[in-house]
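With the hints as your guide, set chain R with the ligand onto chain L.
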Amino acid sequence: MTSSIYLHDGSFEGMLSAVAFAVKSGGSVHGIYDEKSYSVQLFDMVVTVPTDSLQAEKLFSYLKNLGEYAVQFTINGFLGEERAVGFHLYQMVQLCLRHGARALELYRDDSIRYLSQLSRRVNGEAHRLSGLIRFRELKEDIYYAPFESDCNVIGYLARHFSCRMGSRQWILHDVGRNISLHWDGSKVQSIEVDSAFTTYVLENGEVPDTHLGNTERYYQQLWQSFHATIANPDRENRKLQRQLMPKRYWRYLVEMRGN
Amino acid sequence: MKTSEKLTILADAAKYDASCSSSGSSRSNTAGGIGSAAMSGICHSWSADGRCISLLKILLSNDCIFDCAYCLSRRSNTLPRATFTAEEVADLTINFYLRNYIEGLFLSSAVYGSPDRTMADMVDVCRLLRKKHRFNGYIHLKVIPGSSPELVRQAGFLADRLSVNIELPSEQSLKMLAPQKTKRTIMVPMQQIGEEYSGFQRDRMKSRNVPCFCPAGQSTQMIVGASAESDLQILTLTENLYTRMQLKRVYYSAYMAVNTSPNLPALTSGPPLVREHRLYQADWLLRFYRFQAHEILSAAHPFLDDRLDPKVAWALRNFDLFPIDINRASYEELLRVPGIGVTSARRIIATRRLCAIREEDLKKIGLVVKRARHFITIGGKYLGDHTMSHQQLVGAMRSAEKPGSIKLLRETRQLRLF
Ligand code: SF4
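Residue numbers (our numbering), protein chains in the order written: chain L, 1 to 259; chain R, 1 to 418.
If you're looking for bench data, these hints aren't it; they were derived computationally from the structure.
Among the hints, a few may not be true.
Example chain L residues on the side facing chain R (calculated, C-beta under 10 Å, incomplete) [what the hints assert, rightly or not]:
#1 160
#2 219
#3 220
#4 223
#5 240
#6 241
C-beta atoms are modelled at their ideal positions from N, C-alpha and C, and glycine is treated no differently.
Pulled out of the complex, with its shape left as it was, chain L reads as follows (with noise of 0.2 Å):
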């Protein structure tokens, strides 16, 4: 039999429900994508799956009583946003129907391997940016953070933050995916950001100056000049604090402006 390949669209649930698909057709499968990452191939067996929401809650749920990192392969694959993850979440699927949980840590395998390292990049992005992220005050008392990142992170970073700020109001804008949460001090919503003000952050790494609140660049300078005295010249090493603090975070650090 030839070995199929099954599209779905891009969400989590279509995703899911690709993948439960893959499973019960039984027989070999070559690829599971995101349709709009895929362009047919002569040959190819495509089978287009249409998202189904009880197969993917089906799915899901069985997922979850595998317990922990089965959850966490899952959803952060999916966040992690790779052509390739839809094939290892079969592949893991298919592990766990043999062995049960335990194959979640058969790390010779390549796919859980895979999945266990992807889903390492994403939570580590999003911690990493957890500290990454830099408010501004703008003049209507609202915090704003513009940032871009590798992994679809927002989610996490909107619980880390909605635990943190108390009752003062953010914004997280993700403007490479152009994705905004905002914090009203007791719920998340998604909002949409002025796109010429959206164009301005993502050109200079920064909110254009009539909307920063009074102080914003008073506190700014002092943080700037503190980063720059806590460092020690003795011990300057340039290459480490690039390699842990990677260069592509830098167009929205304040820090390291000018730099």
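What follows is chain R with the ligand alone, placed relative to chain L:
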């Protein structure tokens, strides 16, 4: 003096402190307040020396009445002096925190007036933050040697972490280089913190209403290379601090020559960064690999080999214990193999539950095979090179070490989440 000038002076004076960790405490926000503390700690930036910036690390004052030979802020130096007000520190902390520049405050100070006067002011800063501003972020407070027990106690109820710096690894060196400090003035508050920490923790098991005392525990720091102690002395002291005083962390700070003194290394000498790095590696073995100080060093070998990872050095000295078999060795045995870390040892155990490990799996599991192979067998097959003499093996392990700048300061990174 403007706040910005004070900040420059008092951050500059604080930069010699090695610790900037914000881990070990989990605090949630309270109604009307701001902030929380994450168990694993969060780095917010990295400075040009590659060290993590997690906390607003400043001195309350650099106007010192003490005269420690190794310190820039000592009384006998002429330099600009500054002292923050409590409000200034609180304002900086809150505003940096709201912008997510920092996880919290690390407040230390030179001694002005008297140890108690200084300590009382530091406690006031914390009180202002916690009570008036309802700040729930991380606070690391340095305890001034010789502070009264009452102040230490108050500090413990407000801060997440306390530390008393040991400064120098022996009483003799202390006498010579820090004449106004004594072993007693350092050890007494340290002991008190240790006892109260354990006491309140025990009581909290019984009732949640018991207050937290210094929930992230205590740490300390010693300067390496300013005085003559051996690594064995330093590591033995460290071990005692971990096992007898329940310290969470011991930090080492390579001595940076800032003053001239007949009792100190020359001004031109660079900080002993390699030695500092090796000590951190050995410290790591004490904390996570179940080693004891006397296994790592002995009276015959009182210094760490600057060209070898201490774990590799141990394995080479105890080569008769190897090779061990990957499919049979216990977790403890696996941990002692160079090239196997906590994560890969755990994975070996997890994988073995399902199936035997094959040679080609080793790399996938995360072993550093290049290093580990000399110490292991798999299915009876030795993975090292039988024809190699011990001398050649030592040479090979040395050249496998890249002492590049990246590895050197690795310790400043915080523990990764698993
Ligand atoms: S007590 Fe000693 S180490 Fe501390 S600031 Fe004063 S002179 Fe420096």
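Q: With chain R as the partner, please determine if residue 219 (chain L) meets the hint condition of a C-beta pair closer than 10 Å.
A: 5 Å, holds
Q.
Does the closest beta carbon of chain R sit nearer than 10 Å to the beta carbon of residue 220 (chain L)?
A. At 8 Å from the nearest chain R Cβ, residue 220 (chain L) passes the 10 Å test, so the hint holds.
Q.
Holds or violated: the hint that residue 223 (chain L) contacts chain R, with Cβ atoms closer than 10 Å.
A. Interface hint status for residue 223 (chain L): holds (5 Å vs cutoff 10 Å).
Q. Once the shortest beta carbon distance from residue 241 (chain L) to chain R is found, is it less than 10 Å?
A. Residue 241 (chain L) check passes; min Cβ-Cβ to chain R is 5 Å, inside 10 Å.
Q: Under 10 Å, Cβ to Cβ, is where residue 240 (chain L) needs to be relative to chain R, so tell me if that hint holds or is violated.
A: Holds. Min distance 3 Å.
Q | Restraint outcome when residue 160 (chain L) is required to lie within 10 Å of chain R by C-beta distance | A | 8 Å, holds
In the structure shown, no violation is registered for any of the earlier numbered hints.
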